[in-house]
Amino acid sequence: MRSPVAVRPARPEDLDVLVSLSLAARSESLVGAQLCTDDADRLRHQIGALVAEPGAVGLVGTLDDELCGLVLARIVGPSLFTDEVTVSIEAVYVAEGARRRGVGHALLGGVVEEAQRVGASDVLAVPLPGARGMHRFLARLGFAPAAAHRVVSTEVLQRKLSADAPQPGRRRAGSGLDDLIARRRRARAGRAATVTEAAQAGRASISMQVSRAEQIRRPRGSETTTS
Numbered sequence: 038m039r040s041p042v043a044v045r046p047a048r049p050e051d052l053d054v055l056v057s058l059s060l061a062a063r064s065e066s067l068v069g070a071q072l073c074t075d076d077a078d079r080l081r082h083q084i085g086a087l088v089a090e091p092g093a094v095g096l097v098g099t100l101d102d103e104l105c106g107l108v109l110a111r112i113v114g115p116s117l118f119t120d121e122v123t124v125s126i127e128a129v130y131v132a133e134g135a136r137r138r139g140v141g142h143a144l145l146g147g148v149v150e151e152a153q154r155v156g157a158s159d160v161l162a163v164p165l166p167g168a169r170g171m172h173r174f175l176a177r178l179g180f181a182p183a184a185a186h187r188v189v190s191t192e193v194l195q196r197k198l199s200a201d202a203p204q205p206g207r208r209r210a211g212s213g214l215d216d217l218i219a220r221r222r223r224a225r226a227g228r229a230a231t232v233t234e235a236a237q238a239g240r241a242s243i244s245m246q247v248s249r250a251e252q253i254r255r256p257r258g259s260e261t262t263t264s
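Residues in the sequence shown are numbered consecutively from 38, following my numbering.
In case anyone wonders, no lab produced these hints; they're calculated from the structure.
With beta-carbon atoms standing in for the labels, derived distance ranges:
hint : residue 1 : residue 2 : range
1    : V155      : A219      : 33 to 43 Å
2    : E133      : A202      : 14 to 24 Å
3    : E133      : D102      : 13 to 23 Å
All C-beta atoms in this analysis are idealised placements derived from N, C-alpha and C, irrespective of residue type, glycine included.
All chains should be modelled from the sequences, with the hints used to inform the complete structure.
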């Protein structure tokens, strides 16, 4: 039985879908303007130019033959500064309705195959600062901070992908972690609100007591002594 998830090189006829996926990624990001332009025609030209560059890697992921994910990367090196070859991931995205189905894993599996083909020792990724879900996804697969990038050895990434492969019917730990973080944030917000209300009530009580004391205080007058 053929797997419903597949990865293949991007084709010219995929360009419109790549643009749509990129715009969807932009709309989800808190810093979307740093991800790409919102002009579809300009974005189409930019993606086409990026994929056509020497050393460019453009892969698409499909679920039940429907294109729903992409990864754009570059092969870097060797250069004047290093003899090593690295694969640098510029963008990776899976459409919302196709997540937790193994598409992201399959796309990075395609990156690993490309890294092994060119003899790349490391795979770099540059997730945006606000992309928490992507940071957690990369961290789970062994990517560690490296300056402004995240980096993982090709060997470790391949091993992590194998160990972290999604299984039917198994709920991802990441989902439970997201729920736990959300519950903790709500609890902290509730405690902060309680403390604020208590402080306001305390100030109101003190003000009332001071006002009451002022009202019952008798004015001091002059005293006369007679004999």
